[in-house]
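Peer 1: Residue numbers (our numbering), protein chains in the order written: chain A, 2 to 404; chain B, 2 to 404.
It should be emphasised that the hints constitute simulated quantities derived from the structure, not laboratory data.
A quick note: this is a predicted structure, and the numbers were derived from the prediction, not measured.
Any given hint could be a false lead.
When chains are identical, the list treats them as one kind, so a pair holds in a single copy or across two.
To be verified - Each computed EDC-like pair below joins lysine to aspartate or glutamate, with the alpha-carbon atoms no more than 16 Å apart:
#1 LYS297 to ASP96
#2 LYS189 to ASP154
#3 LYS26 to GLU73
#4 LYS8 to ASP233
#5 LYS355 to ASP149
#6 LYS355 to GLU395
#7 LYS297 to GLU214
#8 LYS8 to ASP120
#9 LYS353 to GLU395
#10 LYS297 to GLU44
#11 LYS190 to GLU159
Protein chains: 2
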Amino acid sequence: MTTWQNKYAERMDGVNSSIIRELLKLAQVPGLISFAGGLPAPEIFPIDVCNEAATRLLQEHGQQALQYSSTEGYTPLRQLIVEKLNAMGMNFTVDNILITSGSQQALDIIGKIFIDPHDSVLVEQPSYLGALQAWKAYQSEFVTVPVDDDGIDVDAMEEVLKSNPKFMYILPNFQNPAGVTLSLERRKKVVALANQYGIPIIEDDPYGELRYEGEDLPPLMALDQELHDEDDGNVLYLGTFSKIFAPGLRLGWVAGPTAVIQKCTLAKQGADLHTSTYTQMLLYEVAKDGFLDEHKQVIRRVYKERRDIMLEGLEKHMPDGVTWTHPQGGLFLWVTMPDHMQAREVFDRAIKNKVAFVPGYAFFPESETGYTGHNTMRLNFSNANPEQIAIGIERLGNAIRNS
Amino acid sequence: MTTWQNKYAERMDGVNSSIIRELLKLAQVPGLISFAGGLPAPEIFPIDVCNEAATRLLQEHGQQALQYSSTEGYTPLRQLIVEKLNAMGMNFTVDNILITSGSQQALDIIGKIFIDPHDSVLVEQPSYLGALQAWKAYQSEFVTVPVDDDGIDVDAMEEVLKSNPKFMYILPNFQNPAGVTLSLERRKKVVALANQYGIPIIEDDPYGELRYEGEDLPPLMALDQELHDEDDGNVLYLGTFSKIFAPGLRLGWVAGPTAVIQKCTLAKQGADLHTSTYTQMLLYEVAKDGFLDEHKQVIRRVYKERRDIMLEGLEKHMPDGVTWTHPQGGLFLWVTMPDHMQAREVFDRAIKNKVAFVPGYAFFPESETGYTGHNTMRLNFSNANPEQIAIGIERLGNAIRNS
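Next up, chain A with everything else stripped away, as it sits in the complex:
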């Protein structure tokens, strides 16, 4: 009979379950307040709007919604995305857009079409764990560039670009996990460097529309398109409806030059034929008359309040020597404790105090089992309610103080 263990492909050697997932299993404690996940606030999901849209969809287009459809995605939804992106300063037509099953699938597709074993990918340090996971399954290696309050360190980046990575992965707005935003000056420099060295940019922007203060900054895509002919350029732009509508539908997109989008489409065809026709048409039905612009205001108001309460709590309860980022939007902030402290040890004490977070080392590609970022942690402020946030931060302060 089969010994399955001997059959697995080499690429699976480096693929492990997300550390976050494993840590969350430890966090199954009644009454626990969690800042560990990255979940939207479900109490503001627009359920009635969704219900009305579902009824209308099934009554008017039921046969189409339940049938197979094209790999590229539902054209009216792609058109809606084009309008949204062009309003942000980009320049697209529907041929530039591929609908994906959440933006996680866009990350997987990008790994599949670009990464040969042992290719290196330039990532921010810390970076989004889901991207690191997706790309390790294609046997990527990582080169890292640190982020500070203004995003990725462009001087350090230039040195790393000389090693010729396959592409660079940048989260410009309210970065997951650090909560920081790439400054305008640095955006220009990143785009210039990418063009100078011929290294494509994967721009991942799940939170860009959730800004609570300050001015929107141009996407890297928009800055890059200024340098190129139409339908050409150096950037792929990833977006999602998970944060401005609902993650349970699994709807995202990748936008870029037509030739690259066609390659992505081929990879998607083998991966899942197409994203659910029903969920694509449902989202379109919800969004076609501008509902999401209204709804974004609600989300921004609720999350801004939660962020502010978390920031106040940190001010009040954190011992000396602890610092944190001030996110202008998004879902996360990043706490740094004094260098002698270990977030993994604080985590155990925090769980006893009934509060959870993700230790920062989980987001460092070079050291998933080691100690880079040993004294850091990621806190989510979108999912817990204001009262829970106030209590949870006090508990966390106690856990740090007693560690």
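Could you slot chain B onto chain A? The hints should help.
Peer 2: Below, chain B without anything else, positioned relative to chain A:
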């Protein structure tokens, strides 16, 4: 700037757009009757039942349905699948089931976790094009074993197994594209050979519940489980709701030993985090009280009628020397013309006659641009209505006669 063309991974070299897709572009003719796709009949989609279920779901579990959920899938839906499979003679618990975004995703995951570059995979000849496409993206090679009216040729198979392929891919029921069913005797032999040579079986069964005559035969999975301890064995079983409910939701599953399912789950986590919570819960809401058992009767009645009309039409309109399979279920039958004829040439004439099919060579892995199966074609009988089928087969007979 980036020259994207130089950046693609080697694995993409062998990935091309589905021939079917390209041919269908040629078939954009008004009034064309198509036997080329593999679409269910949309006029019998249970839209009202779906609508009621959607309303109930959003009213009762709206927050959960729109939120992130676990990679493994919605547990009540997995339990429902367990009950279905155990009633078919298998022996599973929920830990043996991973929900996938259509069974195409299960094929992709299997490629990802098992196929190293240049591994060979044993496939039936002809075989399902979507599997060949998914696995070529992991740089598989293929070894083939012909099918006849009783399914894969088990004597020829044994010779090929000696070359130690990574796994074998079998569609036992109403095979796509040939419409043939693996006999009981051969099922036993396939399972015995797989165990003797230690070669896993990927059993793909999208059509098994759509039988129009004869008795159900035991799945390879059930036969294999008799030979092993609980939660062990040699088979992964793939299923889908696309044919017994609706493909637009993209819901399938893979069932197998827990250890292998955990590996699949890891691969899925990086690929799309999880399948849409909403569509999983919607399907569960539709199916939980047994609706699909009722609905299957409707589908069987409609498709049996269409099959019968197609078989009658073939009898009446095909010139001497043309033969075809007699499918006991499923969506497809397979036509073989005299050896001197070229299906690709007949295709062009058929399009002029306003009828479409897929030339058989599209389903032969060794010869996507060549001539293996040059005189064969696949006909779908689920999507066109009875009147269209009668007219279309007459047109097809004329096209063959005049080629």
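Peer 1: Does each hint fit the structure? Answer for all of them.
Peer 2: Hint-by-hint comparison with the structure:
1. LYS297 to ASP96: Classified as neither; 27 Å inside a copy, 38 Å across copies.
2. LYS189 to ASP154: Within one copy only: 13 Å inside, 63 Å across.
3. LYS26 to GLU73: For LYS26 and GLU73, the Cα distance is within 16 Å only across copies (15 Å; inside one copy 37 Å).
4. LYS8 to ASP233: between (42 Å within a copy, 15 Å between copies)
5. LYS355 to ASP149: neither (30 Å within a copy, 64 Å between copies)
6. LYS355 to GLU395: within (11 Å within a copy, 73 Å between copies)
7. LYS297 to GLU214: within (14 Å within a copy, 55 Å between copies)
8. LYS8 to ASP120: between (24 Å within a copy, 10 Å between copies)
9. LYS353 to GLU395: Within one copy only: 13 Å inside a chain, 76 Å across chains, cut-off 16 Å.
10. LYS297 to GLU44: Within. Shortest intra-copy distance 14 Å satisfies the 16 Å Cα cut-off; inter-copy 38 Å does not.
11. LYS190 to GLU159: For LYS190 and GLU159, the Cα distance is within 16 Å only inside one copy (10 Å; across copies 61 Å).
Of the numbered hints stated above, those contradicted by the structure are hints 1 and 5, listed in ascending order.
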